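Given the coordinates of chain A, assemble chain B with the ligand onto it according to the supplied hints.
Residue strings, one per chain:
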Amino acid sequence: MEDLSDLYQEIILSHNKRPRNSDPLDPSTGQADGNNPLCGDKLTVHVRNTESLLEAVSCDTDGCAISRASGSIMTTMVEGKLITEVERLIEETKLLLTGEDEPEVDLVQQGDMAALIGVRKFPARIKCATLAWHALEAALRGNDEASTE
Amino acid sequence: MKDEETIRSEFPILDKEVNGKSLVYFDNAATTQKPKAVINRISNFLSEENANIHRGVHHLSMNATKAYDEARSCVAKFINAESDNEIIFVRGATEAINLVANSFGKNLLDTGDEILVTEMEHHANIVPWQLIANKTGAKVIPIAITDDGEIDLKDFEAKINERTKMAAFVHVSNALGTVNPAKEMIHKLKSKNIPVLLDGAQAVGHQAVNVQELGCDFYVFSSHKLFGPDGMGVLYGKHNLLSKMPPYQGGGDMIEVVSFEGTTFREPPERFEAGTPNISGAVGLKEAINYVNELGWENIEKIESSLLNYATEKLSSIPSLKIIGKAKRKVPVLSFTMESAHPHDVATILDSKGIAVRAGHHCAQPLMKRLGVSATTRASMSFYNKVDEIDQLDEALKYVSKIFGD
Ligand SMILES: Cc1ncc(COP(=O)(O)O)c(C=O)c1O
Numbered sequence: 162m163e164d165l166s167d168l169y170q171e172i173i174l175s176h177n178k179r180p181r182n183s184d185p186l187d188p189s190t191g192q193a194d195g196n197n198p199l200c201g202d203k204l205t206v207h208v209r210n211t212e213s214l215l216e217a218v219s220c221d222t223d224g225c226a227i228s229r230a231s232g233s234i235m236t237t238m239v240e241g242k243l244i245t246e247v248e249r250l251i252e253e254t255k256l257l258l259t260g261e262d263e264p265e266v267d268l269v270q271q272g273d274m275a276a277l278i279g280v281r282k283f284p285a286r287i288k289c290a291t292l293a294w295h296a297l298e299a300a301l302r303g304n305d306e307a308s309t310e
Numbered sequence: 238m239k240d241e242e243t244i245r246s247e248f249p250i251l252d253k254e255v256n257g258k259s260l261v262y263f264d265n266a267a268t269t270q271k272p273k274a275v276i277n278r279i280s281n282f283l284s285e286e287n288a289n290i291h292r293g294v295h296h297l298s299m300n301a302t303k304a305y306d307e308a309r310s311c312v313a314k315f316i317n318a319e320s321d322n323e324i325i326f327v328r329g330a331t332e333a334i335n336l337v338a339n340s341f342g343k344n345l346l347d348t349g350d351e352i353l354v355t356e357m358e359h360h361a362n363i364v365p366w367q368l369i370a371n372k373t374g375a376k377v378i379p380i381a382i383t384d385d386g387e388i389d390l391k392d393f394e395a396k397i398n399e400r401t402k403m404a405a406f407v408h409v410s411n412a413l414g415t416v417n418p419a420k421e422m423i424h425k426l427k428s429k430n431i432p433v434l435l436d437g438a439q440a441v442g443h444q445a446v447n448v449q450e451l452g453c454d455f456y457v458f459s460s461h462k463l464f465g466p467d468g469m470g471v472l473y474g475k476h477n478l479l480s481k482m483p484p485y486q487g488g489g490d491m492i493e494v495v496s497f498e499g500t501t502f503r504e505p506p507e508r509f510e511a512g513t514p515n516i517s518g519a520v521g522l523k524e525a526i527n528y529v530n531e532l533g534w535e536n537i538e539k540i541e542s543s544l545l546n547y548a549t550e551k552l553s554s555i556p557s558l559k560i561i562g563k564a565k566r567k568v569p570v571l572s573f574t575m576e577s578a579h580p581h582d583v584a585t586i587l588d589s590k591g592i593a594v595r596a597g598h599h600c601a602q603p604l605m606k607r608l609g610v611s612a613t614t615r616a617s618m619s620f621y622n623k624v625d626e627i628d629q630l631d632e633a634l635k636y637v638s639k640i641f642g643d
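The listed protein sequences correspond, in order, to chains A and B.
Just so we're aligned, residue 162 is where the first sequence starts under this note's numbering, counting upward by one.
Just so we're aligned, residue 238 is where the second sequence starts under this note's numbering, counting upward by one.
So that you can see chain A by itself, here it is in the shape it has in the complex (with noise of 0.2 Å):
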């Protein structure tokens, strides 16, 4: 089934093996629990930011492929960006995960995220993309956690 292969791409296979910055930050300035209550996915986003700037980010994930997936790119993506610069990362995102119409791929600014597309095809499983943004979007607002619900 095409789809299926567009879901588990070599990128995504190879994040969830080896998640980028998942061992947990420390010292950090922020975290945030991220929890899907429906499936049991878990995962914790630990930030150190400034005011204008996210200098680190770590995110740790017990969950699917398609979760730690997410997390792991996230964290590659925003990590060292201006905060301005993270938050339209995340509105970005969800658009393109979530969003209603078929989002065009600006695959320079996505990177690696393009590549968690194929989950629109795959609506239970839309939640294990956003789940780390969500909790991203948390650790830098100061709350201690997100839920997909």
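Bear in mind the hints are in silico, worked out from the structure with no lab data behind them.
These numbers were taken from a predicted model, which means no experiment stands behind them.
Check before you lean on any hint, since a few could be wrong.
[As the list claims (entries may be wrong)] Facing chain B, a subset of chain A residues (Cβ under 10 Å, in silico):
(1) N177
(2) C225
(3) R286
All C-beta atoms in this analysis are idealised placements derived from N, C-alpha and C, irrespective of residue type, glycine included.
This is chain B with the ligand only, laid out in the frame that chain A set:
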């Protein structure tokens, strides 16, 4: 005895295609499929016989009342209750447990009292007890299980003490398939006069249940896991207990006389059935029971035990797969984990092959924690499944291993 093809042809949904493949339905522990007889019966009731019950002197209402009462008798016979009045129709197993916890548990329990459950309970048999424990100051005490997924009988005996006021445990585990030694456990509890509720949600679709032989005070199940409609369920309670219990909900049908000075309530079962019940659901449940009775438990158990054995053997031979739950007595439920593939990924890939399984914690988070897993994939079978389908599952799981490089 009907042959495999005849049985399968009686369940219309089994003909369906999913993702371009013929459906392999291995999610029977979540809900079972419905035979044509049940679908037709409900449809017929709604098109030809529909009326409210207990309220009319007109023809249709009297007949509907009769059909509803007959469904009650049918259930009473099915689980061998002493009388029809011991059968209360509810929404499902969950509502039945909540009813007992609130109506029976609230008066019974006091600060420091203990409610025994097990580590393998469905949340439906944990949370209602926790809620009532919070109100009364009682405590919910879990009985340990073994690594194989059986109740640790030593721990069971050790946990019974003079503070134990209630016991509620699962007859057959939804997550592991374990059939618990309910009769022996109930015997032990009753020798100490401890009331027992048995959660039979996963038992009634796989084996004959005899509440008098089991000796339990309460038995609960849902119609939708017994090839009947959803939104329908059963609470069995011993008459001497039910007759002393206060109403759970108030409304029509459950009263004798209502006045603003005070209201008197009817005897069980009506006392616990406030409002218009699920009449078509009761009628459908009766038809489902008729279907199962006609097929016969002996035949069902024979088919299911060969499916279980075959599936266990097949799946055990996949190196990256670990079966969770190896009790000596099981219904055909296989929970498992794979080395690199998470249960959700497994379920998505199986779905792409038309195979429906459940992935997750199966509403049994404490059990998952006890077993050291965050989730499992569960293939749960019924008598209408076939060996071919297990072969397809086996193939698909090998494909999962390939994708994930196990
Ligand atoms: C063991 C067990 N108990 C209780 C329930 C709750 O049943 P229902 O959701 O039909 O009320 C289930 C359903 O999954 C179950 O498997």
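Next on the checklist: Hint by hint, where does the structure go against what was stated? Just the numbers, ascending.
Outcome noted: Going through the list in order, the structure violates no hint and respects every one.
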